[in-house]
Amino acid sequence: MGNMIKVGMADLKVCKSPDALTTLGLGSCVGVALYDPVTKVSGLLHCMLPDSTQIRNNSNPAKFADTGIDELIRQMVALGANRNRLVAKIAGGAQMFAMSSGNESLRVGERNALAARNKLKLYNIRLLAEDCGLNYGRTVEFYSETGDYLIKAVGKPPHKI
Amino acid sequence: MSKIDLDNLNDTQFDVLKEIGNIGAGNAMTALSTMLNIKVDMSVPKVALVPFNEIASLVGIEDQTVVGILLGIEGEIDGMMMFLFDMRSAHHLVNSLMMRDLETNVGKGAESFADIEMSALNEIGNIVSGSYLSALAALTGMKMISTVPSLTVDMVGALLSVPAAEFGKYGDKLLLIQSQFGETDFVTGLFLLIPELDSYDKILSALGM
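Same order as they appear, the protein sequences are chains A and B.
If you read the first sequence in this note's numbering, its first letter stands for residue 25, the second for the next number, and so on.
If you read the second sequence in this note's numbering, its first letter stands for residue 21, the second for the next number, and so on.
Because the hints were derived from the structure by calculation, they are not lab data.
Note that the structure is predicted; figures quoted are calculated from it, not measured.
It cannot be assumed that every hint is accurate.
To be verified - Straight-line alpha carbon distances no greater than 25 Å define the calculated DMTMM-like cross-link-like pairs of lysine to aspartate or glutamate that follow:
1. B:Lys-193 - A:Glu-95
2. B:Lys-193 - A:Asp-94
3. B:Lys-193 - A:Asp-75
4. A:Lys-176 - A:Glu-154
To be verified - Chain B is nowhere near these chain A residues, computed Cβ spacing over 10 Å in every case:
5. Gly-32
6. Ser-41
7. Pro-42
8. Ile-79
9. Ser-83
10. Lys-87
11. Lys-176
12. Val-178
13. His-183
Unchecked claim - So these bits of chain A aren't anywhere near chain B, every CB distance computed over 12 Å:
14. Lys-30
15. Val-31
16. Asp-35
17. Thr-47
18. Leu-50
19. Arg-80
20. Val-101
21. Asn-108
22. Arg-150
23. Ala-153
24. Arg-162
25. Gly-171
Ideal Cβ placement from N, Cα and C applies to all residues, glycine included.
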């Protein structure tokens, strides 16, 4: 295996085989992994909000599901990926705290996952697998050699999707 | 448009926010200390503008398991308040409240709590945050109510993503008023007060700024 590249919150990274990408502690954020199975160029986005058009301050594209996926594809194509071959796996979008009040911002996880799915559909990128929702955090690792997306959570055995 | 410029806070504004952290957390710690009959020390609060990708490192590594208690603040100011304990401290607090040996469950089963222990932790969160808020309300003369606290045991990064997403609407950094407390290796934890952007103006002007 190559290097493990760390992706922070509101951040994105791309890599080539045999490197791997990881992001720690996804809560309501969504980790979008894109992959070109032929060139093995991979990208991972850790976005925290669904929609850049509803926010005044949107200078960082990696913060949002919509602009984040745009930017991820751009960087992957620059690294040699073919846009038409890309496939996706997503994880995260949990609701970390149960709140009695109908506070919209606490449902952000659900909305993040939905926004990511919609954006992928818009690009005609096939969503191969996902592990979203529920109420726990996830640490994810994407392996460019195999296209495996490994998901770890507290008190649960790690599993691949 | 809000008057406060988060990227250019002046020294006085920092000091006032620090003082809020000090008074709030001071009261909260007094409540905790009275309830559990233990001695609690508190560090000078920090007010910091933290980029999102560095937030989790305030507490530890992103995937470290901690206990987080989140409350919404409503009323004249809006925002969130979060209270983080490492697992060892949380077990110590629960044991102390339940009058058991302090080391009970600290080693094995350290990553989980029984229902009654969760309930105890929630109650601790309730009392502590209640005192923090009433101190803040008394200081500013503003009305604020907290929502029912919600407790989660999970990775730091995942817990902090909730206030981060909220603040992400305004900028790329999170302004937090952070108070650390502890009694020599007994209980260590972190208080985060995260008002909405507009609420900073209200807090500062209530204090004559």
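Structure-based check of each hint:
For the hint pairing Lys-193 (chain B) with Glu-95 (chain A), the CA-to-CA distance comes to about 21 Å; that is within 25 Å, so the pair holds. Taking the CA atoms of Lys-193 (chain B) and Asp-94 (chain A), the gap is near 22 Å; set against the 25 Å cutoff, the hint holds. For the given pair, Lys-193 (chain B) sits about 18 Å from Asp-75 (chain A) by alpha-carbon distance, which is consistent with the 25 Å threshold. Our distance criterion of 25 Å between C-alpha atoms is met by Lys-176 (chain A) and Glu-154 (chain A), whose separation comes to about 13 Å.
The beta carbon of Gly-32 (chain A) is not kept farther than 10 Å from every beta carbon of chain B, the shortest such distance being approximately 3 Å. With a cut of 10 Å on Cβ distances, Ser-41 (chain A) stays outside the contact zone with chain B, its closest approach being about 25 Å. The Cβ of Pro-42 (chain A) lies farther than 10 Å from every Cβ of chain B, with a closest approach of about 23 Å, so its non-interface assignment holds. Annotated as non-interface, Ile-79 (chain A) brings its C-beta within 10 Å of a C-beta of chain B; the closest such distance is 5 Å.
Distance to chain B contradicts Ser-83 (chain A) as a non-interface residue, since its nearest Cβ pair spans about 7 Å, not more than 10 Å. Against the 10 Å criterion, Lys-87 (chain A) falls within the reach of chain B, whose nearest CB is about 6 Å from its own CB. Not every CB of chain B is more than 10 Å from the CB of Lys-176 (chain A) (nearest about 8 Å), against its label as outside the interface. Consistency note on Val-178 (chain A): stated as away from chain B, yet its beta-carbon is not over 10 Å from all of that chain's, at 5 Å minimum.
The Cβ of His-183 (chain A) lies farther than 10 Å from every Cβ of chain B, with a closest approach of about 16 Å, so its non-interface assignment holds. The Cβ of Lys-30 (chain A) sits about 9 Å from the closest Cβ of chain B, inside the 12 Å cut-off, so the non-interface label is violated. Annotated as non-interface, Val-31 (chain A) brings its C-beta within 12 Å of a C-beta of chain B; the closest such distance is 9 Å. Listed as a non-interface residue, Asp-35 (chain A) fails to keep its Cβ farther than 12 Å from every Cβ of chain B; the least gap is roughly 6 Å.
Remark: the non-interface label on Thr-47 (chain A) conflicts with the geometry, its nearest Cβ contact in chain B lying 8 Å away (cut-off 12 Å). A beta-carbon of chain B is positioned within 12 Å of the beta-carbon of Leu-50 (chain A); the least distance is around 6 Å. With a cut of 12 Å on Cβ distances, Arg-80 (chain A) falls inside the contact zone with chain B, its closest approach being about 7 Å. The beta carbon of Val-101 (chain A) sits about 25 Å from the closest Cβ of chain B, which is more than 12 Å, so the claim that it is off the interface holds.
Even its closest Cβ contact with chain B, about 32 Å, leaves Asn-108 (chain A) beyond 12 Å, as expected for a residue assigned away from the interface. The Cβ of Arg-150 (chain A) sits about 27 Å from the closest Cβ of chain B, beyond the 12 Å cut-off, so the non-interface label holds. Distance to chain B confirms Ala-153 (chain A) as a non-interface residue, since its nearest Cβ pair spans about 20 Å, more than 12 Å. With a cut of 12 Å on Cβ distances, Arg-162 (chain A) falls inside the contact zone with chain B, its closest approach being about 7 Å.
Its beta-carbon lying about 23 Å from the closest one in chain B, Gly-171 (chain A) satisfies the requirement of being farther than 12 Å from that chain.
Against the hints set out earlier in the document, violations occur for numbers 5, 8, 9, 10, 11, 12, 14, 15, 16, 17, 18, 19 and 24.
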